Amino acid sequence: MFRQMLYTQLKWSLIALAALVVAGFAIPVLSVQQAGAVASAGSNAGPLLVAVQSWGVAYPVLAGVVGLIAALTAWTHDHRGNHVYALSLPVARWRYALLRFVAGASLVIPVAVAVWIGGLAAGSASTIPSGLHAYPTALALRFVLTTLVAYAAFFAIASGTSRTAAWVLGVIGAAVVIQVVLSAAGVHAPFLPDAVGRLYTWPGPFQLFTGRWMLINV
Amino acid sequence: MSSARVAVTVALGLALVSHTAPAQQSAAERAARVHALQVVAARADSVARLVDSVLRARRALDTVRSGPLRVIADTAVARKIRPAVQEVSRIVATRLGPDTTLLTSPLAVVATDGQPLAIAGAEVGRIDTLEHQDETENRVLYLVRSALFRRAGSAFRAWSGGSLGFATDGAHLTRIAYIDLVTAPSRAARLCRAGDLASCAAALGLGPDSNRVTRWYSADDLRTVLGRGTDIPGRPMSRALAQCEAGADAQCFALAASRGPGLRAPLGASARSSLVVLALNRGGRGAFNRLVADSTAPLTARLASTAGMPFPELMGLWRSRVLAAAPPGTTGATTGAQWTAAGWVVVLLALGMRSSRWRRS
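Here the protein sequences line up with chains R and V, keeping their order.
Just so we're aligned, residue 1 is where the first sequence starts under the numbering used here, counting upward by one.
Just so we're aligned, residue 1 is where the second sequence starts under the numbering used here, counting upward by one.
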């Protein structure tokens with residue numbers, strides 16, 4: 001049953017997945033495209049690090065997109081068929097969801113491998129100034145974890161009903177409105193920025209999205 | 001003459017009598033004894049001047065003593081700052097090595113309640129209005145650092161960039177020095193990484209002043225260094241800099257030379273502090289006193305004397321320490337962050353598995 005799920009999810013997302021694999025390979029390679037020029041200009045590490053860092057934002061964006069597409073692909077066809085097919089199967093809901101999750105998570109692997117190979121190729125093809133090092137494996141591992149967090153978050157949201165989604169959006173909207181009203185009234189209670197900040201700092205779920213994503217670093 | 005000065009003078013006289021040299025004494029021994037007595041005399045004079053000043057102030061003052069520190073403060077302030085002084089004393093002991101009690105003269109800072117108070121040989125600063133312990137510690141530390149710097153002389157102050165490494169621990173300074181050494185657009189820094197110790201000294205702004213521009217930077221380095229801050233929209237680049245940017249190497253060097261002292265050495269305050277902290281730690285007893293002993297001597301000689309080893313050896317030690325201090329790659333997530341992320345994946349999966357969609361209403 002898992003093989004069937006994996007096959008169907010792979011089929012549904014094949015074109016998008018191919019594009020994401022290409023992007024995963026291209027980002028590390030493009031991030032060091034200036035390395036050769038920098039090295040020939042006197043091995044200054046600063047400009048190279050700036051160039052690599054400027055591409056760093058592409059990795060979490062790609063991780064988010066991969067997570068979103070994998071999660072939506074996992075549930076779209078069930079939603080379209082009102083879950084009749086899933087309900088007709090002799091499996092518990094939790095087991096069905098788990099199989100869907102694992103099948104979707106498997107789709108993350110090709111993109112992560114592409115990031116890793118791209119990082120290895122970029123690291124070996126460029127002249128890295130002494131004192132700096134390429135970290136393709138660490139980068140790929142972080143990419144996998146970040147993508148899985150994004151995928152799990154979107155998977156949880158997508159698995160719910162429209163009513164659940166409305167509740168989530170309603171709570172977020174209410175928080176924004178309350179924050180605006182408090183600010184307009186001159187009350188200094190920045191709970192919304194604090195809450196968002198907690199999501200992106202340890203031990204928040206999205207901490208891996210922040211910080212530097214450097215293929216080459218000290 | 002105050003009673004304190006009389007007492008100190010008598011004590012010094014007794015010390016001299018008790019240390020009367022035997023007739024059969026070598027010249028070196030005599031010189032050492034004279035130096036030791038000069039140190040004692042300087043210390044005694046410093047104490048006496050301090051006490052005189054306090055007596056003249058005619059204020060209700062108290063002294064907080066901890067290690068090498070004597071903080072003279074108004075009585076109310078003294079109670080408040082005692083824990084801060086103890087903490088700062090610990091920090092000073094860490095930075096200056098085990099020999100802090102052998103400072104040539106007592107290190108005195110004065111904490112006032114805002115009223116003017118002049119104490120000879122002491123740093124004076126206002127502390128009474130500070131609320132938090134951290135702020136008080138920082139203020140006391142600042143005063144102590146100022147007092148130490150005053151002794152170190154203007155050449156050292158100018159070179160070190162205003163830091164003796166008190167703000168952070170030595171290991172942290174060394175890690176920053178590594179990043180500076182690796183990322184500095186500098187010929188000297190690159191040669192230092194490759195093992196040229198003279199270039200290490202040059203990168204730190206030490207050594208002979210002649211040809212400093214060419215020792216520090218290549219023409220390509222200068223294009224980076226001189227071009228910093230000039231890319232302001234609407235502000236035209238100077239003709240000389242434009243020519244330098246266009247590839248005229250001679251113009252780059254001429255422009256750099258025209259900046260004089262404004263052109264800084266490649267490695268800044270943190271790297272220099274890491275060298276000073278290393279020298280102090282390696283120097284052991286009397287290290288700080290040796291650093292401040294002769295403010296007219298070349299900095300390389302002073303640092304070598306501080307560390308108690310030849311300067312090239314100190315430079316080699318610094319280089320190996322710095323290169324060994326490569327920080328862990330910041331690209332990868334920490335183990336804690338990885339486990340936390342894995343935990344969140346499990347939590348979110350559990351939420352997905354318990355969706356209300358298939359539950360009975």
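No wet-lab data here; the hints were simulated from the structure.
Because the structure is a prediction, the values reported are computed rather than measured.
Possibly wrong hints are sitting among the right ones.
As the list claims (entries may be wrong) - Taking beta-carbon pairs under 7 angstroms as the criterion, some of the chain V residues facing chain R (in silico):
(1) 183
(2) 333
(3) 345
Stated by the list, open to error - Facing chain V, a subset of chain R residues (Cβ under 8 angstroms, in silico):
(4) 25
(5) 90
(6) 94
(7) 145
(8) 152
(9) 159
(10) 205
(11) 208
The C-beta atom is built at its ideal place from N, Cα and C for all residues, glycine as well.
For each hint, the structure was consulted:
Residue-level restraint check for residue 183 of chain V holds (minimum Cβ-Cβ distance to chain R is 4 angstroms; threshold 7 angstroms). Here the hint on residue 333 of chain V is kept, as its CB sits about 5 angstroms from the closest CB of chain R, short of 7 angstroms. Because the beta carbon of residue 345 of chain V sits about 5 angstroms from the nearest beta carbon in chain R, less than 7 angstroms, this interface hint is met. Because the beta carbon of residue 25 of chain R sits about 18 angstroms from the nearest beta carbon in chain V, more than 8 angstroms, this interface hint is broken.
With 8 angstroms as the threshold, the beta carbon of residue 90 of chain R stays out of range of chain V, its nearest partner Cβ sitting at about 14 angstroms, so the hint is violated. The interface hint given for residue 94 of chain R is met, as the beta carbon of that residue sits about 4 angstroms from the closest beta carbon of chain V, less than 8 angstroms. About 5 angstroms separates the beta-carbon of residue 145 of chain R from the nearest beta-carbon of chain V, less than 8 angstroms, and the hint is met. A hinted interface residue such as residue 152 of chain R counts as satisfied when its beta carbon comes closer than 8 angstroms to some beta carbon of chain V; here the least separation is about 4 angstroms, so the hint holds.
Hint on residue 159 of chain R holds. Least Cβ distance to chain V is approximately 4 angstroms, under the 8 angstroms limit. At a threshold of 8 angstroms, the smallest CB-CB gap from residue 205 of chain R to chain V is about 4 angstroms, leaving the interface hint in force. Interface restraint check for residue 208 of chain R: the shortest CB-CB distance to chain V comes to about 5 angstroms, inside 8 angstroms, so the restraint holds.
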